[in-house]
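Student: Read top to bottom, the protein sequences are chains L and H. When we follow the numbering used here, the leftmost residue of the first sequence carries the number 1, and every step to the right adds one. When we follow the numbering used here, the leftmost residue of the second sequence carries the number 1, and every step to the right adds one.
Derived from the structure by calculation, the hints contain no laboratory data. Ideal placement from N, C-alpha and C gives every residue a C-beta, glycine not left out. Worth double-checking, as some hints may not be accurate.
[As the list claims (entries may be wrong)] Take a look, some chain L residues computed to stay more than 12 Å from chain H by CB distance:
hint	residue
1	Ile76
2	Ser154
3	Gly180
4	Lys202
[Claimed, not checked] Straight-line Cα separation of at most 20 Å, SDA-like style, residue types lysine to any residue; simulated pairs:
hint	chain 1	residue 1	chain 2	residue 2
5	H	Lys81	L	Phe294
6	H	Lys259	L	Glu128
7	H	Lys81	L	Ala290
8	L	Lys111	H	Thr278
9	L	Lys111	L	Thr200
10	L	Lys111	H	Lys276
[To be verified] So the derived list for chain H, only partly shown, Cβ under 10 Å to chain L, looks like this:
hint	residue
11	Ile106
12	Phe224
13	Met260
14	Pro265
15	Pro277
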Amino acid sequence: MGILSKKFLLLIGLVLLMAVLISIPFFATDYWMTLLVLILIYTVYASGWNLFSGLTGYTNFGLAWFIGVSGYVSSILIADYQWPWIFAWPMGALFISIVSIGVGYILLRIKGVYFAISMVALTEGTRELFGTGYLEPITHGGKGLPFVAGIPLSTLYWSILFLAFVTIFICYKITSSKFGLRLMAIREDEQAAETLGINTTKAKILAFTLSSFLVGLGGAIHCTYQNYIDPNYAFNIQLTLTPIVMTLFGGIGTVFGPVLGATLFTFIHEILWAELTLLYMAIFGGILMALILFFPQGLLGWMKERGILPKIRKI
Amino acid sequence: MTNFLETLIRGLMLGSLYALVGMGLTLVWGVVGIVNIAHGEFVMLGAYFAFWTFSLLHLNPLVSLVLSVPIFFLIGSILHKRMTERLTHAPELSALILTFGMSILIWNLAQFFWTNTYRSVSYLTGNFLFLGLTLAKSKTISFFLALGMTIALFTFLKYSKIGKGIRATSQNSEVALVCGIDTKKMRTLTFGIGIGLAGAAGVIVSLQWVIFPQMGGSYVSKAFAIVVLGGLGNVQGALIGGLIIGVLESLVTQYMSAKMAQILPSLIILIILLLKPTGLFKR
Numbered sequence: 001m002g003i004l005s006k007k008f009l010l011l012i013g014l015v016l017l018m019a020v021l022i023s024i025p026f027f028a029t030d031y032w033m034t035l036l037v038l039i040l041i042y043t044v045y046a047s048g049w050n051l052f053s054g055l056t057g058y059t060n061f062g063l064a065w066f067i068g069v070s071g072y073v074s075s076i077l078i079a080d081y082q083w084p085w086i087f088a089w090p091m092g093a094l095f096i097s098i099v100s101i102g103v104g105y106i107l108l109r110i111k112g113v114y115f116a117i118s119m120v121a122l123t124e125g126t127r128e129l130f131g132t133g134y135l136e137p138i139t140h141g142g143k144g145l146p147f148v149a150g151i152p153l154s155t156l157y158w159s160i161l162f163l164a165f166v167t168i169f170i171c172y173k174i175t176s177s178k179f180g181l182r183l184m185a186i187r188e189d190e191q192a193a194e195t196l197g198i199n200t201t202k203a204k205i206l207a208f209t210l211s212s213f214l215v216g217l218g219g220a221i222h223c224t225y226q227n228y229i230d231p232n233y234a235f236n237i238q239l240t241l242t243p244i245v246m247t248l249f250g251g252i253g254t255v256f257g258p259v260l261g262a263t264l265f266t267f268i269h270e271i272l273w274a275e276l277t278l279l280y281m282a283i284f285g286g287i288l289m290a291l292i293l294f295f296p297q298g299l300l301g302w303m304k305e306r307g308i309l310p311k312i313r314k315i
Numbered sequence: 001m002t003n004f005l006e007t008l009i010r011g012l013m014l015g016s017l018y019a020l021v022g023m024g025l026t027l028v029w030g031v032v033g034i035v036n037i038a039h040g041e042f043v044m045l046g047a048y049f050a051f052w053t054f055s056l057l058h059l060n061p062l063v064s065l066v067l068s069v070p071i072f073f074l075i076g077s078i079l080h081k082r083m084t085e086r087l088t089h090a091p092e093l094s095a096l097i098l099t100f101g102m103s104i105l106i107w108n109l110a111q112f113f114w115t116n117t118y119r120s121v122s123y124l125t126g127n128f129l130f131l132g133l134t135l136a137k138s139k140t141i142s143f144f145l146a147l148g149m150t151i152a153l154f155t156f157l158k159y160s161k162i163g164k165g166i167r168a169t170s171q172n173s174e175v176a177l178v179c180g181i182d183t184k185k186m187r188t189l190t191f192g193i194g195i196g197l198a199g200a201a202g203v204i205v206s207l208q209w210v211i212f213p214q215m216g217g218s219y220v221s222k223a224f225a226i227v228v229l230g231g232l233g234n235v236q237g238a239l240i241g242g243l244i245i246g247v248l249e250s251l252v253t254q255y256m257s258a259k260m261a262q263i264l265p266s267l268i269i270l271i272i273l274l275l276k277p278t279g280l281f282k283r
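Please work from the sequences and hints to get the whole structure.
Tutor: In structure tokens form, the structure reads like this:
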């Protein structure tokens, strides 16, 4: 009875939270809506990053590459080919996940720091390439591509809310599945995992592609929300770093850590940006260092250690 | 023909400077096991060091060069002792993100205090005429300074007792420890030497180019390409790699476009990591 009622209460709480989140566009002001949209976008980014890097231990410094390529494909489809957004977004995400299969197949053989560097190199190389004259007929070069998708803010909010729910659900399912266990085995000791009969290459590529699809979908929505895209904006290193900081802040390798991190960090970002615009980036760097030195397990990991939360993988 | 020769020599001069930055990075990476993304920021700090001592104290940049090495060595050793030494046994991701944070912190503080103004040290101007080739004075002098630093580093690593200890730690830290080498001290010294080299490279950079807070990024991306080309922890490889990258950049800028030259480091990193991840040269 005890456990059942606890589960029941949790379910009711979840349904209530969902109802509140879904009904927010009917009463919230535009300021809170934009803030919530940003929180949800970063939740998708952070969870997507955590899904691959948090579980396999391969540091992906190419999140901006996922976002940029998918954002470009969907923006070009909307602006130049007049596709409706509902088809353009999945198309961008599909494109980046297909490219990611190929890239993952080639790059995931590289281990550790080298993988991180090669992903940075890939992002920077693509950014420069999209800005050159060679691709100008398609990407509009370095001057960027402004467009109007004509989506009301509430529709955008519901789409990103839906995506965030799906992302969290997928992460939740994966961490408590055999596939998740395989990925964590790769993180702990890849050679041992291979010896035990895990097809590590397949598992890594699958996780990489899934992560690229979710982040790419988020990136497509992000670019539509901004109504503008250019190489420096879409492939900005900040788009890679912010979700990583959020994940570390909330707790790497956990399901709800990235969600918590994205929510809290977006508020911190708002306050810092408003109060200390010039020093914002310096403080950001300082926070990054402090997290690694003094708080490596993150908020959720800390709560698990203190016994506030149970030590189970599902959280 | 003279045009081509001049481009080639410019490339070698550029390459000697890149090699100085790359050797520091590869040394720290090989011995300490930490990828210092903030390495380029110390080049920037070195350049500003030369600028401020030149404009406020009217110090000759060559004197600042001599001063910069011990100062940056001290900064590096203290940073390592207080901070990065804790991460020697932590996962690679930790050190990577820590130094990334350090890089962001340093260049943004530099931007906050010194603003985005482009500055330069106008110490050596004019050209040398040599066998019908026109060579900028500042670049020629810089080349010989970088060469001198490189020779000093090689002599130190090859013949001095500490140098031998550093090489032993790089080859096998555990066996070195068993043989009575204080590997912890060697790691601290190496980190200091790496930062000292970056600072000295910064002073040399200030002689020939404008300096601004974000300049570190381009040096660190080239240094990464150099480390990947030369092989991790391979100092000789880094020297050759630096010269190759300098010459390639000079040729591509001259005969293709400056934009292509910017893609070059990324392209080299990707190609080498795919084809020969251990680098081009044997240790």
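Student: Hint by hint, note whether the structure agrees.
Tutor: Do the hints match the structure? See the list:
With a least CB separation of 21 Å from chain H, L:Ile76 remains clear of the 12 Å interface cut-off, as annotated. At the 12 Å boundary, the C-beta of L:Ser154 stays outside the reach of chain H, the nearest C-beta of that chain being 36 Å off. At roughly 19 Å from the closest C-beta of chain H, the C-beta of L:Gly180 stays outside 12 Å, upholding its exclusion from the interface. Its beta-carbon lying about 20 Å from the closest one in chain H, L:Lys202 satisfies the requirement of being farther than 12 Å from that chain.
For the hint linking H:Lys81 to L:Phe294, the alpha-carbon distance of about 16 Å falls within 20 Å, and the restraint holds. For the suggested pair H:Lys259 and L:Glu128, the alpha carbons sit about 8 Å apart, so the restraint of at most 20 Å is met. Of the pairs offered as hints, the one joining H:Lys81 and L:Ala290 holds, with about 16 Å between alpha carbons and a cut-off of 20 Å not exceeded. Under the criterion of a C-alpha separation no larger than 20 Å, the hint pairing L:Lys111 with H:Thr278 is consistent with the structure, at around 12 Å.
Restraint check for L:Lys111 and L:Thr200: the C-alpha separation of about 12 Å stays at or below 20 Å, so the hint holds. A hinted pair counts as satisfied when its Cα atoms are at most 20 Å apart, and L:Lys111 with H:Lys276 qualifies at roughly 13 Å. Interface restraint check for H:Ile106: the shortest CB-CB distance to chain L comes to about 8 Å, inside 10 Å, so the restraint holds. Of the supplied interface hints, the one on H:Phe224 holds, with its beta-carbon coming within about 6 Å of a beta-carbon of chain L, less than 10 Å.
The beta carbon of H:Met260 is positioned within 10 Å of a beta carbon in chain L (closest approach about 8 Å), and the interface hint is therefore held. A least Cβ separation of about 7 Å between H:Pro265 and chain L falls short of the 10 Å threshold, and the interface hint therefore holds. Interface hint status for H:Pro277: upheld, as the beta-carbon distance to the closest one in chain L is roughly 6 Å, under 10 Å.
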